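Colleague: Got two chains here, separate frames each, mind docking them using the hints?
Protein sequence lines correspond, in order, to chains C and H.
Residue numbering for the first sequence follows my numbering, starting at 1 and increasing by one per position.
Residue numbering for the second sequence follows my numbering, starting at 228 and increasing by one per position.
Calculated directly from the structure, the hints in this document are not laboratory data.
This one's a predicted model, so the numbers in the text were calculated from it and none came from an experiment.
Every residue gets a Cβ at the ideal spot worked out from N, C-alpha and C, and that includes glycine.
Take the hints with a grain of salt, since some may be wrong.
Derived list of chain H stretches under chain C, where covered just means 3 residues or more per stretch with a C-beta under 8 Å from a C-beta of chain C [said to hold, decoys possible]:
hint	segment
1	346-352
2	358-365
3	453-459
Quick look at which bits of chain C chain H covers, simulated, 3 or more residues with Cβ under 8 Å [what the hints assert, rightly or not]:
hint	segment
4	143-156
5	212-221
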Amino acid sequence: MSGLTPFISAMSAVIWKDLRAEWRSREVISAMLVFALLVILIFNFALDLQPNVRAGISSGVLWVTLAFAGTLGLNRSMAVEKDRGCLDGLLLAPVDRAAIYLGKAFANLLFMLLVALIVLPVYGILYNTNLLIPGLLVVILLGSEGYVAVGTLLSSMAVQARTRDILLPILLFPVAVPVVVSAVKATGGYLAGLGWEEIQPWFTLLVVYDVIFTSVAFMVFDSVVEE
Amino acid sequence: MLQKPKLLTVLDVAAIASFLAATGLVFFYAPLERVMGAVQKVFYFHVASGWVGMLSFAVAAVVGVIYLIRKDLKWDSVGVAAVEIGIAFTLINVITGAIWARPIWNTWWTWDPRLTTATIMELVYFAYLMLRSGIEEPERRARFGAVYAIIGFLSVPLTFFSIRLFRTIHPVVIGSNDPGAMGAFDMTPRMTQVFLFSLVAFTIVYFDLLWHRIRLGKLAERVESLRLKLQA
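The shape of chain H in the complex, shown without the other chains (with noise of 0.2 Å):
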């Protein structure tokens, strides 16, 4: 039997706790901004669900260029996991933009660039998902998914910086604006505490679902080969 790790337990206590404890600085320690009110604290979760997205996605290409190295298959199922927890915080993150944007933009949808790119981003890995299902043998799979990985964990930096080179409504909260941004606003300290922590928090809760993930992956591989034994 695979016995649950006890590092994963303690994990999973700090997952839980960090991001119980984000919520309430959310919601309690956070300031109201004075402009756009309660809406405003959308974005200690908007940004930490777009970070982890981010985050994923990068873990998925790295794990794509060590399998293409190492060829070991225990790699390939990181990768799938990561994509798959990525495609989840993406849209968490489009999500909740799309519920700030409402009463600050008037809409719940532009077509900004920023906006855009990042849909284009989750149809990338929407694809990835789609090209493996495509493929019955796992070596080739896992190949072809590394390969995947990494091209489209290219197209992901033009999704970060389009905010800095089209001209976008969306804000940015670090570094300097674009004068035709709507709905950016300064950080109090109170908020860059908040903000950070929700940051910190999102991290671990990726990672505890991570490795979940992977080892679901592992389970249905032992449940698929026992299926086999059986069968023979």
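One chain only, chain C, in its complex shape (with noise of 0.2 Å):
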């Protein structure tokens, strides 16, 4: 118990500190929101979303819009403290470098799941469906939380490469490739209304991705910070 405290509270210290910046700022969470926004009507127009049309592949743009979304936020969250050498600071604290990491992820997965939780009612609204359905909220849950559990790791990646920004998609949409598959196919069978028989195997791979992806970058985090 007493080796776990210190690694809890240095955990909660770098999501506090994360989200009084954000705070303070709004910068990150008004970008992906307007961004988010900005796919969705981008889509319209491309895809021409018609009503019959737009049941089977509102999953495929949902899910888009979020990766996208997510993308920007996590380039920033690192970004931010590489700019100002924060990141040295955060790495030479006297705790656990998983607990920064599990801090970042989690601050991440935070402003993930609030642009997700107004773009949902929106999306909802635009295109008169009820996307909120307790299942589907949860297949959002797990999505973003694989998403992020790698994102996090290979944004800290990226910032320290000389390409940086462009960097990040590149790495991450590949290997992001089965959370966001299973994810969309899964929120497709909530929105046709399928059963879980029919939606359990996509669940299931879901959550054996969740799992896999944060503990190996719980792992793996030490070798990509230390100097």
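Modeller: Here it is in structure tokens:
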């Protein structure tokens, strides 16, 4: 128990720091939100989302929107740490580095979920569908978790490379495919009103990749930030 | 001077001989498939190169773990070598698949999960090379490469099992088939022999290439350090 408490307090300190900074500037969330709405509007023109067509592709549009907006947030969350040497300060702190990783990942997850929480009803109103299904919300939570778990790790690598901003999507998208595909399929299943036995394989795959990505990122984060 | 090891020469000979033998077996020993005809013969090298691609990415991931523990740059050069060879063989796998698909599925390419996930896997390792090219410091490059090789390999099982998870058009020759698969067939004993032999042959060719690529990396490092010495 004594080994766990400092870990959790370090982690919550990082989360608290990110939330406070975001509360004062409101940079990331507002950028992610505006971007997400823009993506949806562009999809509307590009795909000509007719009522009979969109039922099938809503899940895809939703997840592409969330993934793009998420990349924006992930890039920013690590770039601000790198820019003014904050990351070095964080790393100098005498705490377990895994706690820093979990703190950053958790804050990123909160931002992404907040964006999803606003995008979902807006999407529902714009296209006259109900997206607030309990199962679907769980899928959004799990999908965002897996995406952010691997994304936080990769963004802390990307900010240390010469090509920085353009590197994160290239690193993240192919690796996050298992999470995104299973989330899209499960979301589509809920939107189409399929039974649990149809959705369950994708749901299981999503949980499996959440566990894998979170635990692997947790283990290797130390060697990504060491100097 | 770095002398070429004797064992490597032996491996060279074994690789060339087994590859020629596999080619001979495919053309003259393996029977013609009754429905698909000669184009079915692409199967032997298609699966073998796919196997080598996966094996190579697995080697890169394992070597990545070893590097993160030992921090010895020699494991990093094995990792790059494995990724490069894996990319080449996966490309052969995709192209031979397209050659087979043209007459059998009547199209070079379909957006089938198996094909798509194999291509995404290829892109993961292109991203690996781009990540490395963005970092100058060798030690950090090695660390990031190792981490990405591990993370990237986690998406490979999806490629392999996608054939069983999705409804797919891609046939499964070993194990049970999806009823929607097109171009499936049962292997005769002779086909199985040729198939297993080409798997072994490609594996030998793989290890031969890997060794050469690792030596190339070492020699490049030597040239680099000699050049630095000359400039100093």
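Colleague: All hints are to be evaluated individually against the structure, with a verdict given for each.
Modeller: Do the hints match the structure? See the list:
Judged by the Cβ-Cβ criterion of 8 Å, the segment 346-352 of chain H is covered by chain C as claimed, because 4 of its residues qualify and three suffice. Beta-carbon proximity to chain C at under 8 Å applies to 4 residues in the segment 358-365 of chain H; the threshold of 3 is reached and the given coverage holds. Using a Cβ-Cβ cut-off of 8 Å, 0 residues of the segment 453-459 of chain H lie near chain C, which falls short of the minimum of three, so the contact claim is violated. For the segment 143-156 of chain C, the proposed coverage by chain H is satisfied: 3 residues have a C-beta within less than 8 Å of a C-beta in that chain, meeting the threshold of three.
With 5 residues bearing a CB less than 8 Å from a CB of chain H, the segment 212-221 of chain C meets the requirement of three and the coverage assertion stands.
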